[in-house]
Amino acid sequence: MAKPFRLYICSDIHASERAWRKLINATKANVYHADAVLIAGDLTGKALVPIVSAPDGSWSATLLGSRKVARTEGELAALERSIADIGYYGIRVTPEERAAMETDPALVRRHFEDQITRRVRAWMTLAADRLDGTGIPVLLMPGNDDDFAIDPILAESPYARDVNGQVVDLTPWHQLVSMGWSSPTPWATPRELPEEDFLDRLSALMKGVRDPRKTVMMTHVPPYDSGLDTAPLLSPTLQPTASAGDVLRGPVGSIGVRKAIETFKPILGVHGHIHESGGERRIGSTLCVNAGSEANHGVLRGYLIDLTETGIERTQRVEG
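Read in order, the letters of the sequence shown correspond to residues 1 to 320 in this note's numbering.
Calculated from the structure, these hints are not laboratory results. Any given hint might turn out to be false.
[To be verified] Pairs of lysine-lysine, PhoX-like flavour, derived with a Cα cap of 20 Å:
{"#": "1", "residue 1": "K265", "residue 2": "K207"}
{"#": "2", "residue 1": "K259", "residue 2": "K207"}
{"#": "3", "residue 1": "K265", "residue 2": "K214"}
{"#": "4", "residue 1": "K3", "residue 2": "K214"}
For clarity, every value in this text was computed on a predicted model and none was experimentally measured.
Whenever a hint applies, use it, and build me the whole structure from the sequences.
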């Protein structure tokens, strides 16, 4: 019998420098004995952190509600690392530049796009430098939070491969179908589609596979009401709702993804998007997994899946 093909699966790294380096180092050392790495979207971060210069040569920043001051180059480098490790983007500015950012959204947008493209480019370079020769492919895609500015960088990556919107061979027996868009969210993120359009695109991809039941379907958003999509329910002002002192939670995944899984019955569904809903569930014969994410704490959550010609031999949730 042929050796099982092992997938290492993760998602929602969200610009965490520490989490990305953990992933690259674990892959290079082949800690998990993986044959391929799948990253199910959301590579980029969500916030700029101005690091403001002072006349005395010090620098200061507010990080997670706490004011940080760096008085030496070493302290400044450490501050920038701490910002990058939680998935934010530190940017050195003068007080005047900081004031301009407060009144000019377009300026903030330019700085933000510059920072996200810089980090993604650096990550793709690091992957190529560290992983070339390992024979372990890294197959990834943007998620709904990822700006389109990163697409050309991913396309030019010398090692990692952007598989968004594609059907590619994965194991000796299985193909991978990937779609990084999501159904609508309250935040109007860059890559969203109405449920009907989402299902149409995903169904069109699935119709191009050799055997739907020997397909791995990787969608950033999890299937609706699967237990992998449970999140706080929001009010019209985007605040968590509560009852009797408890935050109300419910399903926020994609109806389109669920319908596609029920229709095509892939062997495996790979998802992310809802950080707090890591785990595994079955929809009919399809095993669906969401590794979950605590990348903002420097924690890399993942799933190991062993695939054989006849099915899934083993699953294991891992943390690094």
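Worksheet item: Broken hints, numbered, in rising order?
Response: none
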